[in-house]
Amino acid sequence: MMSKAEDSPYVLIIDDDEDIRDVLTMLFVAKGIKNISTAVNGEDGFQKLCTALMPHVVLLDLMMPVASGWDFLAKVQAFPELKIHRIAILSAGSPDRASLGNYPFFTKPPDIKELMNFVRPPTGA
Amino acid sequence: MEYHSSATQPKTMRFLLAIEAGLYAIWWFVVHQNNPFDYNPLWSRLFVVAVPIAILVMSFRFSGVARNIDKFFYASLYLLTLHNFYANHINYMNVEWPVATCITITAVYAGFQSGPALFYFSLFTIGLGTYTAYLHQFIYPFYVPGLVTITLVMNVILYYRNRALQEVVQAKARFEKLFDATFEGIVLHESGLIIAVNESFTRLVGETRARLIGSPIIDWVAADSFDLVSERMAKPLETPYMIRAKKKNGLEFPVEIAVKSHLFEGREVRLIAIRDMSERQQMESERKKKLEAQAAVELRDQFISIASHELRTPLTPLKLANDILLDMLEDQTSVFSDQQVKKILQKSGNQIGRITRLIDDMLDVSRISRGHFALRLEDFDMVETVDQILQIYSEEIARCSVRVRSPVSLPVRLDRMRTEQVITNLLKNALIYGNSRPIAISVRAYDDAAVFSIRDHGIGIETEKMSHIFERYERAVSSKNYGGLGLGLYIVQQVVNAHQGRVRVRSRLGSGSRFTVVLPRAASPASVSFAP
Numbered sequence: 028m029m030s031k032a033e034d035s036p037y038v039l040i041i042d043d044d045e046d047i048r049d050v051l052t053m054l055f056v057a058k059g060i061k062n063i064s065t066a067v068n069g070e071d072g073f074q075k076l077c078t079a080l081m082p083h084v085v086l087l088d089l090m091m092p093v094a095s096g097w098d099f100l101a102k103v104q105a106f107p108e109l110k111i112h113r114i115a116i117l118s119a120g121s122p123d124r125a126s127l128g129n130y131p132f133f134t135k136p137p138d139i140k141e142l143m144n145f146v147r148p149p150t151g152a
Numbered sequence: 004m005e006y007h008s009s010a011t012q013p014k015t016m017r018f019l020l021a022i023e024a025g026l027y028a029i030w031w032f033v034v035h036q037n038n039p040f041d042y043n044p045l046w047s048r049l050f051v052v053a054v055p056i057a058i059l060v061m062s063f064r065f066s067g068v069a070r071n072i073d074k075f076f077y078a079s080l081y082l083l084t085l086h087n088f089y090a091n092h093i094n095y096m097n098v099e100w101p102v103a104t105c106i107t108i109t110a111v112y113a114g115f116q117s118g119p120a121l122f123y124f125s126l127f128t129i130g131l132g133t134y135t136a137y138l139h140q141f142i143y144p145f146y147v148p149g150l151v152t153i154t155l156v157m158n159v160i161l162y163y164r165n166r167a168l169q170e171v172v173q174a175k176a177r178f179e180k181l182f183d184a185t186f187e188g189i190v191l192h193e194s195g196l197i198i199a200v201n202e203s204f205t206r207l208v209g210e211t212r213a214r215l216i217g218s219p220i221i222d223w224v225a226a227d228s229f230d231l232v233s234e235r236m237a238k239p240l241e242t243p244y245m246i247r248a249k250k251k252n253g254l255e256f257p258v259e260i261a262v263k264s265h266l267f268e269g270r271e272v273r274l275i276a277i278r279d280m281s282e283r284q285q286m287e288s289e290r291k292k293k294l295e296a297q298a299a300v301e302l303r304d305q306f307i308s309i310a311s312h313e314l315r316t317p318l319t320p321l322k323l324a325n326d327i328l329l330d331m332l333e334d335q336t337s338v339f340s341d342q343q344v345k346k347i348l349q350k351s352g353n354q355i356g357r358i359t360r361l362i363d364d365m366l367d368v369s370r371i372s373r374g375h376f377a378l379r380l381e382d383f384d385m386v387e388t389v390d391q392i393l394q395i396y397s398e399e400i401a402r403c404s405v406r407v408r409s410p411v412s413l414p415v416r417l418d419r420m421r422t423e424q425v426i427t428n429l430l431k432n433a434l435i436y437g438n439s440r441p442i443a444i445s446v447r448a449y450d451d452a453a454v455f456s457i458r459d460h461g462i463g464i465e466t467e468k469m470s471h472i473f474e475r476y477e478r479a480v481s482s483k484n485y486g487g488l489g490l491g492l493y494i495v496q497q498v499v500n501a502h503q504g505r506v507r508v509r510s511r512l513g514s515g516s517r518f519t520v521v522l523p524r525a526a527s528p529a530s531v532s533f534a535p
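Chains as they are written, first to last, in the numbering used here: chain U, 28 to 152; chain Z, 4 to 535.
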């Protein structure tokens with residue numbers, strides 16, 4: 028039996044593109060995920076970590092004004108007490124993977140099934 | 004070149020003549036003192052002393068005598084020797100003094116002259132001595148051994164002198180070889196006329212040495228370098244500089260020249276070293292071209308990577324929206340109301356618009372760089388256009404405050420589409436880089452110009468990057484933080500240039516930027532052609 032949290036994880040979308048944020052939200056809503064939060068850049072995203080519930084899943088864009096995805100990752104790594112279950116990078120570029128650690132990487136536009144498998148892993152897997 | 008002529012220079016010969024005359028005068032005086040009953044007549048003694056003195060004096064007055072002074076000296080030496088023996092003969096006197104005098108003069112002479120001259124003079128002296136000995140047999144033993152000894156000593160002196168001379172000859176030959184073998188052309192000129200050249204120079208200009216010598220040096224300078232050369236000739240600078248030289252066939256080529264004052268055979272001349280730079284310049288320009296080509300390839304690769312990123316960004320919501328709707332139809336479970344479906348489709352439509360604009364920008368750049376960029380002039384109201392554009396961006400504008408100051412209307416005759424593009428690009432930049440702080444827009448009308456200016460209070464531009472922001476694919480910010488093709492301001496500048504307008508930027512890092520576009524009220528159709 029799947030836990031309630033795993034059934035409907037809390038997802039944080041960090042992306043500066045409004046359309047991407049909106050459509051991703053609609054996708055997750057359509058898939059039955061209710062708890063979704065969005066942030067417009069790395070700094071905003073980190074603020075959300077500190078003030079709201081700890082998200083289970085973070086979908087992170089890289090190229091963003093004010094604080095980029097790299098900045099966000101650096102901050103998260105500096106605070107090991109933050110218990111985020113999963114972070115994935117969702118970027119249109121093909122950056123140097125070495126600078127990103129072992130986080131899963133989805134190239135924009137992502138395959139919807141792969142993305143959903145990451146956000147909500149199938150039971151019994 | 005005759006090298007022992009350097010030993011028979013007028014100066015040396017004059018010195019020898021003076022010694023000769025002096026010695027003879029002393030002898031004459033001594034003989035006169037010791038032999039009061041001297042039978043040697045006064046006129047003959049006067050004659051032999053007067054001859055070398057006269058030659059000496061004449062060598063200063065007449066150039067012919069100065070030039071042939073060695074021959075005159077030779078003649079006077081023979082004359083003195085003859086007189087010496089003649090005097091001994093008629094006076095029947097002790098020959099120690101005359102022989103000593105004769106041998107001394109011979110020694111001095113031989114020390115500076117060639118072997119054959121010494122040989123003939125010895126032969127002459129021995130002949131005369133033998134004849135005198137025949138007449139007065141008691142004299143003979145006195146001087147022959149002495150003469151032979153002195154002759155031998157003289158030969159040794161001559162040997163060493165010749166060896167030293169040979170070294171000089173070889174050194175000079177070596178120098179001349181070197182002079183001709185150097186890669187640099189070397190020219191000596193005196194007040195503008197060439198007096199010596201080396202072989203490299205004859206090769207450089209393609210003219211023979213014989214014709215070069217005596218010709219004006221300026222004949223070999225290209226016309227556009229005249230001013231520089233005359234300016235440099237007036238200054239005593241010795242640092243090398245570049246000019247264009249001219250060959251015999253009129254071909255011009257770049258050279259580096261270094262000029263130096265030089266003492267040559269007692270005269271102050273100018274020595275010029277000339278290095279052909281055409282090959283080096285060609286190499287440099289080839290190297291530069293290669294670097295430019297490399298930079299262009301790098302820029303293109305960078306652009307392709309940015310462009311693919313920019314195109315993927317709107318593609319993401321488009322594909323996701325498509326997948327959502329597809330899923331919805333397949334599952335037959337409608338989680339979305341019609342209103343929501345409409346919103347999803349609207350989002351998709353927006354993305355198509357974004358992609359279209361990106362492609363248009365790329366095509367514009369391609370058109371500009373190929374020079375296919377024509378203005379379609381039409382009459383419209385600039386204030387109205389600005390209002391329309393602000394309407395399109397009303398959603399973004401709502402997040403920061405935008406203040407607009409403009410006249411009621413501003414009729415212009417410009418390319419409407421392009422003008423819209425300029426205003427849109429500048430507004431988009433202000434929205435992206437403005438940090439959501441207030442933006443001020445002003446439109447002003449002048450008699451012959453329309454001025455659009457936009458001021459934001461955002462991140463601003465670094466001073467070092469100000470000169471590059473209008474270049475293709477350039478961005479003043481890190482690509483980690485901001486997307487974009489780097490074409491917006493490039494297109495702005497090109498469009499404004501095509502209208503013969505101006506675009507200016509004032510900015511400070513951290514406190515925002517102000518872009519001001521000055522366009523003519525009516526662009527002239529002739530202004531459509533421009534360099535990309």
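Read the hints as simulated data drawn from the structure, not as lab findings. There's no promise every hint is true.
[Said to hold, decoys possible] Chain U residues, not near chain Z, derived (Cβ > 10 Å throughout):
hint : residue
1    : 93
2    : 104
3    : 130
4    : 136
[What the hints assert, rightly or not] Not the full set, but computed from the structure, chain U residues with beta-carbon under 7 Å of chain Z:
hint : residue
5    : 44
6    : 50
7    : 54
8    : 57
9    : 63
10   : 64
11   : 90
12   : 92
13   : 123
14   : 125
15   : 127
16   : 128
17   : 135
[To be verified] Heads up, simulated DSS-like pairs for lysine-lysine below, C-alpha to C-alpha not over 30 Å straight-line:
hint : chain 1 : residue 1 : chain 2 : residue 2
18   : U       : 75        : Z       : 346
19   : Z       : 483       : U       : 110
20   : U       : 58        : Z       : 350
21   : Z       : 175       : U       : 140
22   : U       : 61        : Z       : 346
23   : Z       : 322       : U       : 75
24   : Z       : 238       : U       : 61
25   : U       : 140       : Z       : 350
26   : U       : 75        : Z       : 483
27   : U       : 140       : Z       : 483
28   : U       : 61        : Z       : 345
For every residue, glycine included, the Cβ atom is placed at its ideal position computed from N, Cα and C.
Violated hints, by number in ascending order, as checked against the structure = 1, 4, 9, 10, 13, 14, 15, 16, 21, 24
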